[in-house]
Amino acid sequence: MTLKRFLTVFLAGCIFAGCLTGCGSNKAAADISVEDTEYYQKFKDDGISINVYNWGEYIPDGADGSVNINEEFTKLTGIKVNYSTYATNEELYAKLKAGAANYDIIIPSDYMISRMISEDMLEEINMDNIPNYKHIMDKFKKVEYDVEERYSVPYTWGTVGIIYDKDTVDLSEDEIDWDVLWNSEYKDDILMFDNPRDAFAIAETMLGYSLNTEDEGELRASAEKLKEQKSIVQAYVMDEIFDKMSAGEAMFAPYYAGDAVTLMSEYDNLGFVMPKSGTNLFVDAICIPKGAKQKEAAEMYINFLTEPEVALEIAEYIGYSTPNAATFELLDDEIKNDGISYPDDEYLDMHTTVFKNLSPEANKLMQDLWTEIKSDK
Amino acid sequence: MDKKFNIGQKLVASPYIVWVAVFVVVPLLMVAYFAFFGDEGKFTLEYIKSVGQYSDIFIRSIWMAAVATIICLLISYPLAFILSRMSKKTQSTMLMIVMLPMWMNFLLRTYAWMTLLGNEGLINHLLGMIGLGPFKMLNTVGAVILGMIYNYLPYMILPLYSVMEKIDPSVLEAASDLGCNRIKAMFRVVVPLSIPGIMSGITMVFVPAISTFIISRMLGGGGNMLIGDLIEMQFLGNAYNPNLGAAISLVLMVIVLIIMAAMHQLDSSDDDRVLL
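First to last, the sequence lines map onto chains G and U.
The first sequence begins at -3 in my numbering and counts up by one.
The second sequence begins at 402 in my numbering and counts up by one.
Since the hints were derived computationally from the structure, they do not count as laboratory data.
Note that the Cβ used here is the ideal one computed from N, Cα and C, for glycine as well.
Just so you know, not all the hints are guaranteed correct.
[Unchecked claim] Quick partial rundown of chain G residues pointing at chain U, CB under 7 Å, derived from the structure:
hint	residue
1	Ala83
2	Thr84
3	Gln230
4	Tyr232
5	Asp235
6	Ala243
7	Gln363
8	Trp366
9	Thr367
10	Ser371
With the rest of the complex left out, here is chain U:
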């Protein structure tokens, strides 16, 4: 390797390295500091230990984020495949329709669900006309999961689509020539080839879903607390305790890392990963 070229490379990369150092590494260290050092600057494990009493919330958040992720995957997978087999022109139109809700503010989108799901909301009114209900939909676990699915669905569709789009139609033709029916071809050819897309889709839905707080607050009525709500409460909300908040964040980060590492372990055979 040419040394000069190497230095040039480093120079080009340096703004990014500085950026990462200042805005990622330092804040992370500060989170760790707050989690381990109390008001007087003394080392303590008190905060990390007290995270244990919120294990119920951790389990609930992981469970809800997992359910939302799986449903997102089940909806997105066929959609992304159908999308990738359309003509180029239709593809771009359809992609725009997928992206369209994302142009609207996140809060407004979630607020709209409040007016739809409420006891006096649109859905219950329509059901009422045919003599059903009213059903309690708002302020339930289901509403929170629905909000997660609705808001994060595009993050699942896009990576899946970008991987499937690259699958050569001739590969599918070859599969059918060799005697695979459509379903078999799907599971033996398309699924293995799209694993990188599945992995990044899962990451991009699961991670924001597990730490969301505004969805659970608006659609869960403040009773279905998630880790995100718990952390928000410690910093901006009604139980000011930044040390505990930092400790919870730290534990959450470790849990997410472990889950992600385990996921990628399952898929260790495949090396070229698509990160969007």
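With the rest of the complex left out, here is chain G:
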């Protein structure tokens, strides 16, 4: 495994060097069809480009035989895509707040969307330009974070659970719940979320609080819980989870179901548990930040991502669940029924909570507490 990883790094270097000397497209012609080709021709010869800011590992990029979505979009519309990534909602927020950025497309999660709406950071989307919005499932429309459906188009959704290494963990699936992450028996074999909202949610679930609590006492108690855990945590990570879990560096890690699906498809020894004590249900949706230079081209991009076949490529490659009804129909039964990507409604109703935006005071307290936790010995 180690050697493999070492080779991966080495090969990545070679590929990078190869790209420098003229990167030939290694992907054959488009095998994706869109419903209305005419729609995408508007900016064909204008030579414009859009800046897309997305989560890491969150779009098919041509690797492993997938379709390079951004390249396909450029081929279809003539619009160039400048693509960059972030690791947490808070990082995205900080970048936008600092004002140094100029993005046309961002993909925040539910609670961050409502925070951005309340702070006037998002542009209203002209839904007339997004005919594919009709494919979005009703249960993801007019949702709490964007009741009037003016600012966002759902991209993916999913739940948070525990990824574990079946080779080294001697517990059965039923025995695994959030408390394993606090079990000192697994000292130094536990990874933890490196962002406050997800980390607090786990502590809040264990203490029996609401995931949306704004109560100072409850937030402080949750922070204490997280501090308690710190001495047995090997590392606080986000996307590094892919590397660390696949290399067998840790036994447990909380993470998003979609990434777990991706990891499990490559590594048989990894398993995923949906905690019985409850968890977070999240929706990531596509938005246009205030001041975007190419709003209409951005809307075209949103519409492209919502094409049933494009959304299918995305869902299959990144492993996250799709809110797109037409795409869902196209999925393999195996994925539909694996119980991870599309848990049954009963579990969703009984055991999951969607994050709401917290009050500015509660947000600030949580951020200060997070600094305290991370700087604690």
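Start from chain G and add chain U according to the hints.
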């Protein structure tokens, strides 16, 4: 002095002065502004005061940067001396070998250590073959210090080398003629002559080491936080608070200045300093 020449001098220097004003002085003033003025533009000492609660992190960062600097010095000093006594041709080859890792991206170099030090990493695998370990190396204080030493070593070697290279071999010959053995000659002749190199080497390693954040994040697992991580968190990370970040940066700058001033005070006898 000829006045015209003076004006000419000023003209030549003016782009640099403008550069410094725009890209050094103004940003510094902005940092100070953020540290002392809150959201509503009112003067406040709240942020500076709250820096106090992170004193543990300050102490840890200073301590770790100091350890890394001292080890860098201990490794580099003999190396630089040996290097400076080689033939000119070998010297340039050896210098290139010292510089070689710096051609690679900083992140990639640090990432490589992650794959070496991990529980399932190369080193633990090799140790495992002879029945040792696995040892926990990644995500420890030691790994962070190792990362600092590895990344900043050339910044110590180069200033030392450039000073030692200028030490005339005849000075060493004279020392041995006058009855010094090699060790004595080293401490009585080479060390005093190379003090400017030691000073600039220490500055060039200590200052970046104390404010690094990516090394501690990659090799320290996010649990061994340094000041750099704390500042990064306030601006780009998960605890958006630019005012606190600015206040921490300001305090850090003052501490570094004091440490550097104290260092140079110790060495006040020597005036011609080498700045690379």
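Hints and how they fare:
With its C-beta approaching chain U no nearer than about 9 Å, G/Ala83 sits outside the 7 Å limit, and its interface hint is violated. The beta carbon of G/Thr84 comes within 6 Å of a beta carbon in chain U, closer than 7 Å, and the hint placing it at the interface holds. Proximity of G/Gln230 to chain U holds as hinted, the smallest CB-CB distance being about 6 Å (cut-off 7 Å). A hinted interface residue such as G/Tyr232 counts as satisfied when its beta carbon comes closer than 7 Å to some beta carbon of chain U; here the least separation is about 3 Å, so the hint holds.
With 7 Å as the threshold, the beta carbon of G/Asp235 stays out of range of chain U, its nearest partner Cβ sitting at about 12 Å, so the hint is violated. Checking G/Ala243 against chain U by beta carbon gives a least distance of about 5 Å; that is within 7 Å, so the hint holds. Evaluation of the G/Gln363 hint against chain U yields a held restraint, the C-beta minimum of about 4 Å falling below 7 Å. Checking G/Trp366 against chain U: minimum C-beta separation of about 5 Å stays under 7 Å; hint holds.
The closest approach between the C-beta of G/Thr367 and any C-beta of chain U is roughly 5 Å, which is under the 7 Å cut-off, so the hint is satisfied. Annotation: G/Ser371 was flagged as interfacial toward chain U, and the flag holds, the nearest CB pair being 5 Å apart, inside 7 Å.
When the structure is compared with the earlier hints, violations turn up for hints 1, 5 and for no others.
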